Amino acid sequence: MLRDDATVEALQNASHMAEVRGRSLWADARARFFRNKAAVGGFVLLMMIAAFALFGGLLSEWEPDFVDFSLMGANASEGVPSFETGHYFGTDSSGRDLYARVVQGTGISLMVGVVGAVVAVIVGTLYGAIAGYFGGRVDGTMMRAVDILMSIPFMFVLILMLVIFGRSIFMLFLGIGLISWLDMARIARGQTLTIKNKEFVEVAVATGVHPLRIILRHIVPNLLGIVIVYATLLVPNMIIFESFISFLGLGVQEPNTSLGALISEGASQMQYGVLWQLFFPLLFFVFTIFAFFFVGDGLRDALDPKDR
Amino acid sequence: MLSFIARRLTVAIPTLLILVVLSFVLMYTAPGGPFNSERPLPPEVLANIEAKYGLDQPFWKRIAVYIHGVIFNFDFGPSFQFKNRSVNDIIAQGFPITLTYGFWSFVVAVTVGVSLGIAAALRQNTWLDYLAVGISIGAQVLPNFVMAPILLLVFTLWLGWLPGGGWAGGQWQYLVMPVIALSTSYMASIARITRSSMLEVLNTNFIRTAKAKGLPTRRIIWRHAMKPAMLPVLSYLGPAFVGMITGSVIIDIFFSTGGIGQFFVNSAFNRDYSVIMGITILVGALTILFNLIVDLLYAWIDPKIRY
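Just so you know, the protein sequences line up as chains A and B, in that order.
FYI, the working numbering numbers position 17 of the first sequence as 200, with every residue one higher than the one before it.
FYI, the working numbering numbers position 91 of the second sequence as 1111, with every residue one higher than the one before it.
Treat the hints as calculated values from the structure; they're not laboratory data.
It cannot be assumed that every hint is accurate.
[To be verified] No more than 30 Å apart at the CA atoms, straight line, and that leaves these computed lysine-lysine pairs for DSSO-like:
{"#": "1", "chain 1": "A", "residue 1": "379", "chain 2": "B", "residue 2": "1247"}
{"#": "2", "chain 1": "A", "residue 1": "381", "chain 2": "B", "residue 2": "1324"}
{"#": "3", "chain 1": "B", "residue 1": "1324", "chain 2": "B", "residue 2": "1247"}
[Said to hold, decoys possible] Every beta carbon over 10 Å from chain A, so not counted as near; a handful from chain B, in silico:
{"#": "4", "residue": "1183"}
{"#": "5", "residue": "1189"}
{"#": "6", "residue": "1307"}
[Unchecked claim] Which residues of chain A face chain B? A partial, calculated answer using Cβ under 10 Å:
{"#": "7", "residue": "318"}
{"#": "8", "residue": "319"}
{"#": "9", "residue": "345"}
{"#": "10", "residue": "348"}
{"#": "11", "residue": "352"}
{"#": "12", "residue": "353"}
{"#": "13", "residue": "447"}
{"#": "14", "residue": "453"}
{"#": "15", "residue": "465"}
Small disclaimer: the values here were computed from a predicted structure and weren't measured.
Cβ coordinates follow ideal geometry from the N, Cα and C atoms, glycine included.
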């Protein structure tokens, strides 16, 4: 009897479970992501930084390009961060409000990262999917080209380009776009190789669907998980990359600024005892990178459970 | 093995050629020559100077002369900025310095990173593991251009322990900060990669067999787990090498070490194209050579790779 009771109970449980709605892959991933405290923390931090970049300017009492000549040269003593003067983060060596500058710099750095990631997602995914799907000689040639591009020291070539064609945001975006998709193409290709032998692709081939349509409708959607993960992890790398170039003075030009340019300026001022000019840009830089890494790691654990 | 090397070289050499041609074409299309300054030179003088540097020749002749010089004589031509120096002189002056601190940074990044990673993997979920993971996450957001000012601030301005810059023939005081600044973020990545691949290897069947046979832990780690666990680390060394060479630009700016990075940026601002090209090609050649060595090591360590 006892055993029967247990069986009945188990059956009841089972029938109860059957009523639970099936969870999609994405719902599953979302649940996994939100269980990960570090990832959620990173996500919240990222939202706050994005809000800061978008709406932080509204709180600012000064324009980013307003030069207060009375503060010029007296930055170390007069430009100290304070709420009374409205310079929350202090001023920089030319008497500009650092808060407004950091808002502007954070925005541009985020934009650079996002543009790099978008190019990587579009170009890299399509390139990799096409190479992987067609295979054979097409694959060999396309991937050999990626190999060759990857072994070129791009930072140096980009600097050469910036010197020759002049420094502008456009050149910077072009340079970042040129390199960002390479890794993504490799990842997408590898994933396509495993997907293209699945039954649903065979069915599509058998029913005579056009190859490009198969790639766009059947393969690319199945790549999305891994693509999103690597795009998120690519953003901080692009931000570091841009900051590096701007740090050298070759990237974003005045009156625009980015976190790298601000860090560079701050580093040159610290010997005069002006630490806030290094501290605030650095803080936002580090937080942004941290947040992206945590969100990326969380997404990887959520969407790509094999790879930990 | 020989055919593997040969096949890799068939990729490496065209890559290098593409790099040479690409940078030459970029330089050729540059608007304005290196001698177009704010105070325009008299046309005769300009013509004389251009003739001296061969700038009056047609494109094909110039590129042929350049490539010939690079390949057969390792000659990158004269510098446009420094009248009596060739690009080779500049490289000969700066490169040994870059090589010295680059080498030590590489050694530090690999040894510290690998030991930290292995220690964390062996003591998984203890304070040591958390410490190692914490360090590697923290160090990842500190690229060299962030590390360098922080180090300068702490060790030179506040503590006054280390000189703020210079080279002085490579004495250790002058090496400490460049090496730390350059190696930190790579150390962190290597530690992370080592930890996760070691954890993976320690869960495989052949390690379980080794444990079941009663082998001492030390022997299991060094003889059995080490080799497969090092494969992902090895494939990271290529990008790390490129990153460190690029980072040397920052190191030279911050610590006035006088390596090629300093000349590179200096030439970038002075439009000294021949120096920029020479250094770009040198770095490209080094990268390709280094990737080749990593590939060979990979094939040697990983028995699954057929070459």
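How the hints compare with the structure:
no.	hint	in the structure
1	379(A) x 1247(B)	33 Å, violated
2	381(A) x 1324(B)	26 Å, holds
3	1324(B) x 1247(B)	13 Å, holds
4	1183	14 Å, holds
5	1189	25 Å, holds
6	1307	5 Å, violated
7	318	20 Å, violated
8	319	18 Å, violated
9	345	8 Å, holds
10	348	8 Å, holds
11	352	18 Å, violated
12	353	16 Å, violated
13	447	7 Å, holds
14	453	6 Å, holds
15	465	6 Å, holds
Of the hints listed earlier, those the structure fails to meet are numbers 1, 6, 7, 8, 11 and 12, in rising order.
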